[in-house]
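*Asks:* Take the given structure of chain X and dock chain F to it, following the hints.
If you're matching them up, the sequences are chains X and F in order. Heads up: the first sequence is residues 1 to 528, going by this note's numbering. Heads up: the second sequence is residues 1 to 528, going by this note's numbering.
Treat the hints loosely; a few may be bogus.
Residues from chain X shown here face chain F by an in silico Cβ test under 8 Å; the list is partial [what the hints assert, rightly or not]: (1) M162; (2) R164; (3) F167; (4) L172; (5) N384.
Calculated from the structure, these hints are not laboratory results. Glycine included, each C-beta is placed from N, C-alpha and C at the ideal position.
Number of protein chains: 2
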Amino acid sequence: MRQHASLSEPRPVFTAPISTLIALDRKSGIPLYRQICQSLREAILSGELAEGARLPTERALASELGINRTTVMNAYNELASEGLIEGHVGRGTLVRRNHYSYDVDAYEPETASWLLGLPAGEREALGPDAHLLSELASMSDRKEIISLAPGTPATDLLPAEMLRSVFADELLDARQTALGYCPVEGLQSLRRNIAGRMRARGVVVDTPHILILSGSTQGIGLVGRFLLNPGDEVVVEVPTYLGAIQTFRALNARVIGVPTDNEGMRVDLLESILARHRPRLIYTQPTFQNPTGAVMSQERRRRLLLLARRYQTPILEDDPYGEIYFEGKQPQPLKAMDSGGQVIYLSTYSKTLAPGLRVAWLAAPEPMIERLTLHKQVFDLNTNALGQWAVSEVLRRGLLDDHLGMLRQVYRRKRDLMLAAIAGYWPREVRVNAPVGGFHLWCRLPGDVRARALLREVAGEWVAFVIGEPFHVDGGGQQNLRLSFAFPEERHIEEGIKRIGSAIKRLQSRRNTRKEQGKQPVEHIPMV
Amino acid sequence: MRQHASLSEPRPVFTAPISTLIALDRKSGIPLYRQICQSLREAILSGELAEGARLPTERALASELGINRTTVMNAYNELASEGLIEGHVGRGTLVRRNHYSYDVDAYEPETASWLLGLPAGEREALGPDAHLLSELASMSDRKEIISLAPGTPATDLLPAEMLRSVFADELLDARQTALGYCPVEGLQSLRRNIAGRMRARGVVVDTPHILILSGSTQGIGLVGRFLLNPGDEVVVEVPTYLGAIQTFRALNARVIGVPTDNEGMRVDLLESILARHRPRLIYTQPTFQNPTGAVMSQERRRRLLLLARRYQTPILEDDPYGEIYFEGKQPQPLKAMDSGGQVIYLSTYSKTLAPGLRVAWLAAPEPMIERLTLHKQVFDLNTNALGQWAVSEVLRRGLLDDHLGMLRQVYRRKRDLMLAAIAGYWPREVRVNAPVGGFHLWCRLPGDVRARALLREVAGEWVAFVIGEPFHVDGGGQQNLRLSFAFPEERHIEEGIKRIGSAIKRLQSRRNTRKEQGKQPVEHIPMV
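Isolated chain X (complex conformation):
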């Protein structure tokens, strides 16, 4: 565990032999030179190895670590290509000065590291996977990884050209609107435009029903804080968006799971939960659910609304992916059927435009918007005007629909590429959904193969995905994994799937070998 330097004590300079910084795990499946790279990269970026510090010669380090000199050479070459170290005539290999100026944001230090300093109680309150989201977020910066993990738009689809032209044409005239403070509820023009677009999707709302948020996580937090006291119960789907689980747990709510199938939430199982627990809130993603991609059937939507009304339980409908559909016409939000005013609707421009804008919104009855506004105000005053204004301009110029049309085509093609690669390279026993919208495939591994073991197996080949457990509040998901077809480059999809497929086969064959040898498989869990 890393020591934390306090502000008053300067971080001690590292003086022990550099080989002590490197812990090699020969069983991990990760090539040794990668492990060396990783240890030294962390030591350099954290400052433990100071700028200008001298590294041992390849021969010396190889001897200290008891490994081949070529392995050290490979590691040093890699670090040099990243701009972290360099050779100097007469002085050997040094940690480069100003290494940060070389594309620094491509080398964010592992953001998960902050979890280490936390007392266990606090870690637990936030859920065991509190760090996963920021790991995913920072992972999108790691260019060497084929990442099928982040639920974020592909880099080349982020609308930089569109926004640049909005800024170029309009920023000087919109100085106060784009750069000043804006009302807590959000920019009036944006709220009005959003209300108009929602009406076009069948939802009866107007400007006063819209509250602009700094990302939809803020919406889950605000609604949760508004409706839930510590110990109150909230119903979520199993599996569901892990950020929602985290936020509800951070509010000390008790999170109750309802199973799902390919028509979304098992509403037939909901009534007994409502009757028994009297939860204060139902959280659902009825359209292109994250992670399963499922769309809740019309019949279930009707029944869900009926139950919510009967038990007077508000529903938080989270709809980040509703505009990313691949077949037929656009699905309506659950809120379009909400004649009883039970549904609080939440969506975001993080998937359709850019997460870096941090512009999302809630639609709810006016008195609720008013109260949530008060709560938002005392915690972040208002959402950034620049992002709101940029989105508002994109809407005003009518640029969003073309952009969405393009996204649907590209993401649909990527989904098809990924499904085709899976059909070609994976064992047939893996079960995979074929979603008609959203960003993700949801897979179930066969027999006794666990996703965690698979992730470890492919990490050495620089492929990443998300394991199923953090999406589950019931302890399940060990054999599930979520693949993002939206984020990776098209040219990487087949290769990534291929590597995962080989890894699955390796795991299967190792298990079979062990079974033949009569050994108990180490990671066997009974099928439920």
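*Replies:* For chain F alone, kept in the frame of chain X given last:
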């Protein structure tokens, strides 16, 4: 009180005579035509008066209201000039269709209105002036007002040109960094640059000690949530930043005031508070305090740190204005003297660049940053990347220092203009500080003139400022007002001060008249 339409019930169309929408208060001092404007403007913007609705003729409305026809004419002319109504041959005066398309964000509906729907308990928990901040924020949009209220940069000093050129030159190459998700702690390059700038101001910090925030209000909320349980006590200066009071109260903390004078917090009175109350946090603005502009003396800073250390009480130093100094060299933060690690430092780019970017930061010991990061993550995932990246580019290109140099010159000139106007137009009994930095003048009215009465008196002449009470946790401030010299245009400063001066004199002479007539002054409060 306005009725709230629920989402399921469409807002009823207004059918009663339009005169019932207008409540005239002949004693308010606000010209009647302005009152009519205000009522109709609200009704139109709220949708109560639908687009296309016909207004009565001037004659008819004048007769219904029992007022002069010219008054109605003036009101109608004003609304027409705002693009809200228009005359149609053969159809009379109609509420304009698409009136929103006319510079809509200049006519944000009164954001304070949401306060009306709140139950009294909730309103109280958030403090009696919960709405003030958003009123100030939205006020900066009201072009017809000479506003000396908002503590925000002048519109023409918002760096639109600088940002436009950053976007034009770099946005396409920085696609993922500027538009993708970024780590919860903030963009690495920005954190590093901020740490470097703080070191140049004498503070020993490095990248891991910096947490980027979505505005400094978020920092007060995070630190408050981290350190304070409901009922815990927090010490603030009297007067102090009203947003801090609101946030601490929203966390159900008990807020204890320490008096201030022209050397800042009366640290000599602090020890007995620390001994008696054992507060969990001391909140201070040692440099160019909002609202008083005071700079805490070196001697008091030393003593404050000593006491905080002795009583093991952390200090939250809020330093939004430290870089806006007018004389001598830049004052150091309190944190520069903090050898004991007692000080959590908070600052923002809202005053020095633009509030619409929503980029602020905390500097604190690393373990604390790690925990605050966790809390931030579950509530808003991360701060908008676009604003962070833009600030980071401004810093990388070395543009900030020139910009700050320019700001110091302009704001100093505006301060001098305002002080000169006060010397010329105000009664000599008004006491006014002459701050050497920051955005504000802090004034104390003479004798029995109350700031609230003065605000009412000048509102009819479209001048605004902030009254002293919301900055006070001790019930004081009735005779204080805060004037922003930063926000108003230079050409408006003299006129605004002149109008306030006349209003003070009118109030004084009315009081004298009443006194001569032997009446008890209505708003007399005893001098303390």
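*Asks:* Work down the list of hints and note, for each, if the structure agrees.
*Replies:* Okay, the hints, checked on the actual structure:
no.: 1; hint: M162; in the structure: violated, 10 Å
no.: 2; hint: R164; in the structure: holds, 5 Å
no.: 3; hint: F167; in the structure: holds, 4 Å
no.: 4; hint: L172; in the structure: holds, 5 Å
no.: 5; hint: N384; in the structure: holds, 4 Å
Comparing the model with each earlier hint shows a violation of hint 1 alone; every other hint is respected.
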